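Visitor: Sequence order for the protein chains is A, B, C and D. Take 1 as the starting number for the first sequence in the working numbering and just add one per residue. Take 1001 as the starting number for the second sequence in the working numbering and just add one per residue. Take 2001 as the starting number for the third sequence in the working numbering and just add one per residue. Take 3001 as the starting number for the fourth sequence in the working numbering and just add one per residue.
To be clear, the hints were calculated from the coordinates, so they are not data collected in a lab. A couple of the hints might just be wrong.
Below, a sample of chain A positions facing chain D; criterion: calculated Cβ distance under 7 Å [claimed, not checked]:
1. L5
2. A35
3. Y125
4. A128
5. H131
6. H318
Everything numeric in this text was worked out from a predicted model, so none of it was measured. Beta carbons: idealized from backbone N, C-alpha and C, even for Gly.
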Amino acid sequence: MSERLLTTSKAMAEAIAQEMERDESVFVLGEDIGAYGGIFGATEGLLQKFGPERIIDTPISEMGFIGTAVGAATEGMRPIAELMFVDFFGAGMDQIYNHMAKIHYMSGGNTKIPMVLMAAIGGSYSDAAQHSQCLYSLFAHTPGIKVVIPASPYDAKGLMTQAIRDDSPVMFFFHKGGQGLGWMTPNPRATGHVPEESYTIPFGKADIKHEGSDVTILTVSLMVHRCLDAAEKLAEEGISAEVIDLRTLVPLDRETIINSVKKTHRVLIVDEDYLSYGMSGELVAIIAEDALDYLDAPPKRLAVPDVPIPYSRPMEQHVIPTIDRIINNVKELIES
Amino acid sequence: MSERLLTTSKAMAEAIAQEMERDESVFVLGEDIGAYGGIFGATEGLLQKFGPERIIDTPISEMGFIGTAVGAATEGMRPIAELMFVDFFGAGMDQIYNHMAKIHYMSGGNTKIPMVLMAAIGGSYSDAAQHSQCLYSLFAHTPGIKVVIPASPYDAKGLMTQAIRDDSPVMFFFHKGGQGLGWMTPNPRATGHVPEESYTIPFGKADIKHEGSDVTILTVSLMVHRCLDAAEKLAEEGISAEVIDLRTLVPLDRETIINSVKKTHRVLIVDEDYLSYGMSGELVAIIAEDALDYLDAPPKRLAVPDVPIPYSRPMEQHVIPTIDRIINNVKELIES
Amino acid sequence: MSLDKETMLDLYRDIVLIRTFEERLGVIYYEDKLPAFDIAAGPIPGEMHLYTGQEAVAAGVCAHLNKDDPVTSTHRPHGHMIAKGVDLNPMMAEIFGKKTGFCQGKGGHMHLFDPSIHFGCGGIVGGGIPHAVGAALAIKMKKENRVAVSFFGEGAANIGAFHESLNLAALWDLPVVFVVEDNLYAISVPKEASTSVRSNAERGAAYGIPAVQVDGQDAVAVYEAAQEAVNRARNGEGPTLVEAICYRFRGHFEGDAEGYLQENEKESWKEKDPINILGGQLKDQGWLSDAEAEAIQTEMNDRVMAAEQFARESPYPAPEEALDHVFA
Amino acid sequence: MSLDKETMLDLYRDIVLIRTFEERLGVIYYEDKLPAFDIAAGPIPGEMHLYTGQEAVAAGVCAHLNKDDPVTSTHRPHGHMIAKGVDLNPMMAEIFGKKTGFCQGKGGHMHLFDPSIHFGCGGIVGGGIPHAVGAALAIKMKKENRVAVSFFGEGAANIGAFHESLNLAALWDLPVVFVVEDNLYAISVPKEASTSVRSNAERGAAYGIPAVQVDGQDAVAVYEAAQEAVNRARNGEGPTLVEAICYRFRGHFEGDAEGYLQENEKESWKEKDPINILGGQLKDQGWLSDAEAEAIQTEMNDRVMAAEQFARESPYPAPEEALDHVFA
Ligand SMILES: Cc1ncc(C[n+]2csc(CCOP(=O)(O)OP(=O)(O)O)c2C)c(N)n1
Ligand SMILES: Cc1ncc(C[n+]2csc(CCOP(=O)(O)OP(=O)(O)O)c2C)c(N)n1
Ligand SMILES: [Mg+2]
Ligand SMILES: [Mg+2]
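Just chain A, same shape as in the assembly (with noise of 0.2 Å):
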């Protein structure tokens, strides 16, 4: 009997489903999420199945309809608000940082803010600076906020139930290059096996999605993708790369990360985000607070070379790490 397959959209789409029909305080708002199913297919079909009253299509109003749903929560609600693009967040930053991250600690416990805040990362498809960031590395800074980068749809489902039934804000960052849209580029790694049944991956467990003896890989979302590509090529020259899927990094799995280094000596982060005071640097500074003495070479950060993402082609393929590029990234790494 074969086992179902399901893109990462509609993976995402039936945990808000199942969540929505097991809890009536779950609801979703945000621009075209209802008639046109979100623009990255995260809610097709759940205007049908539960109606406006608790589908909500909103206008243009980042800081509103976050806000709204912030405010909804302090009520006893659980809304899942979508972003769209991650890059549209400086429109409703404030509510974001200083509220839904905030109030549950400035209340000393006694507001809780269960919601989720999901959005759309990621380039490669030549949409430019304004909508090809990643970005989860300005809120995995900001405590009060989880951060939840699946990369495969049965994580998708399963990291989306966990969100929802979180007591505390959860921002679910999904790629756009992942997710299984007929008008993406082809890519077999976002369709895959996910149960029907309602099920949930604990958050700070990260998932080693390749084994590797040689050189330990610590990425996240579409870059997993990429790493496993290239551990696959590397195996073929006798490279053994452990390609680590951190899933959420906040809270971050520390100990797999650690085993990893300690067990390789040597470690790789593919990051599609900017390279600087980001998660790159937070990961190589984890690793050399607890595994200094292990690590056979300096730790190697493959990552948005602090420049915004480019239009054209060319330039847009130079600065997001490619196959390639982690491919000559981990020989170097071997050879030093």
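Place chains B, C and D with the ligands on chain A using the hints.
Guide: Same frame as chain A, now just chains B, C and D with the ligands:
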């Protein structure tokens, strides 16, 4: 003949005044920067000198007036916008992040945004979670913004003059506790010699504010003051700490950092911003990349432990680095 | 002026209580801060924004609210919270940063949260307006007949969140009342320098929201305008914008030199003290004797003193508690 | 309908040029993307928002502008840029991501900057509105008599930046014209679901800004409304809000399935094609023969083809150029 002493706020106002006299296209806009002289004194006396046409009090419209500054910059002006508390960035973040920082790049260099966005940072006076943040790491993570953080009146004037003359957007962060304001906790290091004539300090040059040989302390802003106090106390115990004031995070003076670490073999980073995914991680990362074999102990990070800033004094003092905790961290580092 | 004795006396008692609370804070705040003012020192460190002078607005609006009607407030929240019927002890304790405060010392004067009266506030201008919209949306989704109220200043009416919130509330026909307290200034910036129309009530039309301007120093006038607005919301007839013209008798925050004021401006406004206006109306009716006014003042002094004593005697949180409550 | 032949023919030529440019892009865009649509493939990858159907608005407004009048636009910028008098070659080259583009390939279709005509745009809704305010402030500070214009959609009128910008422009009495192009939708969200008033012109009163609604399919009507607005700004009489009711004949972006449309909605709007409306008016006057119309179409075909050829023959930037231009 005795040196002229100035507070940091007066040094900033003097730099702005001298540049406004020098260049007609320089003007200031923001909330309470006119008659009030800026909540933190950075524009004191400017309204009287230059009038309301060039010293413009704005409504509470961060998105509007920061975007106004961006637009004026595209038409040849050199605006200085004051955000008051950096904590308010969220109300104008889209203009900062997607426009101020990116227009020059997106335009292929055909459109310059020569503007300064200045903001007060920091806590230690019980202003709680929404008025005590530092957040410079967020902006240092953003390609296209230069990040300047002076720690003395002399540096404040020279770096402000440099910032105003720079053709790229500059964010200028000054610490409330370092302004030398009459209503803040007295801070001798907030007053110092400032030459009357105009001068500049180049970006990307860290300043070794206290030479030492046993341990390197990397820091910025008010934490420079606390690290200097700590270094003096440590000296009495025969521990020689080198305190490096980074002064600008973008560009970063990698060379001075690496050279010091190669000399001391031990490094402590003291950061009033949140611990994870920020400045402290980036600094550890570049040291691990360039000086791994010189480290006699894992680098240490003393920063706000990923919590919002609590209001109540005992809790706030527990999360913002203090002289005592700096001293203890140095000793642990020496002993390890 | 058509209210019954009970109602007017309740308003009067609220106003006197708020005034007494604020003026007492205005004394405590300076303990150990002078002679050389140090904002970080004393039993109540940090910024302090007092509501003295605007009491009639909070009292007149909250008189129509039940404990379970959500209210969002600002950096100047004490009056709204007291009018909403808060327990003064944990409120004062929070302002003192004590473990017995509503927020266990994490919030302080600008960040007071009391779920038992559905009250929240914050230090970011405009930040609370969308929260009231969200609370009203929750109410509508649950088919309850509660009403959400958002208080904010005329300065906040120029920030984007105001526009987005009023549009959403009108679009979705939500049970929410927006109360603009126009006290003429945003810190030092006068309304003429911040607001392109004479009255924020004129902005209701941009959303199809009924709007009304009222004398914010006159509790009865506020009461009547708020009654209509709250009833409209409770009856499912959507949002209202209430603009109350008022004045703060103290600086924007304690320590404000107020160099931006016109000469005699404050003095002339003090002739419109809400306590005297309402007190006069009560006395005209023969509903309040000097002795009764005395008695009310004494009662409120006692209540505030009791709260102060509770706060002073309460312990501080342990330093390590700073690490709690980041996540639920 | 009171314009002279020259003016009307100029409008007609602008509209035909924009239409020809957009419809050609609508063909090129799909090269190498089909049969299985891949947004990343082909000579023009990424999103593509075309202006077809709304040409009369750009033409009617920009007819009153000089090269040095700043214009800020949106994610749907081609029409405004062409009406502003752009050189088509570097514009097309930028859309192709070539080194010869205005932005050397860094911007692309949503991020076109040409300082020689003081034009900028961007992909963030509402992002350009404050830029026009800032440009107008610069003009006022320099005591010039230029005028800034900001184009944006009815969807953008619900974001905070709209509110803040109009308030600032009115407060400071700036030479700026705000043009809301109401094409009934923000992607899939119809105006009724996004806007709490029938007409955004009603929102001018919230800022004391004169506002006018005009038929955006009728170039002459737009021209006349814009004339008054631009003159008002040039004469130092402050901002104006112009609302143009219009319709996009293609999806929000290429690839849009448009499942959200009403039946026959688009067909009926196509009866209001700005080319036919203006063309009809010209023909009624005897100012445009079929042959002349043909000739204009042919000329515009040639211009667009020349730009396309220039773009296709231009080199791509070198990959390493991605590292340039982060800082000035
Ligand atoms: C987004 C934001 N910008 C600026 C500030 C600084 N600030 C605090 S209160 C205030 C004035 C508020 O004026 P108004 O809304 O009229 O309220 P009032 O103080 O008069 O009661 C300002 C500018 C802030 N807290 N938040
Ligand atoms: C701040 C922000 N939110 C959302 C989007 C996504 N988005 C791009 S265009 C668009 C619709 C804009 O509608 P409108 O302003 O009416 O312009 P139109 O597309 O109709 O020309 C949306 C929601 C964005 N680019 N920026
Ligand atoms: Mg006010
Ligand atoms: Mg539209």
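Visitor: Under 7 Å, Cβ to Cβ, is where H318 of chain A needs to be relative to chain D, so tell me if that hint holds or is violated.
Guide: 4 Å, holds
Visitor: Classify the hint on A128 of chain A as holds or violated, based on whether any CB of chain D lies nearer than 7 Å to its CB.
Guide: Because about 5 Å separates A128 of chain A from the closest Cβ in chain D, which is inside the 7 Å limit, the hint holds.
Visitor: Does H131 of chain A pass the interface check with chain D, least Cβ-Cβ distance below 7 Å?
Guide: With a closest approach of 6 Å, the H131 of chain A hint holds.
Visitor: May I ask you to test the interface hint for L5 of chain A with respect to chain D, counting a Cβ-Cβ separation under 7 Å as satisfied?
Guide: 18 Å, violated
Visitor: Is the hint on A35 of chain A kept, meaning its closest Cβ partner in chain D is under 7 Å away?
Guide: With Cβ-Cβ at 5 Å, under 7 Å, it holds.
Visitor: Verify the interface restraint on Y125 of chain A: the C-beta must sit less than 7 Å from at least one C-beta of chain D.
Guide: Hint on Y125 of chain A: holds, closest Cβ of chain D at ~4 Å, below 7 Å.
In the structure shown, a violation is registered for the earlier hint numbered 1 alone.
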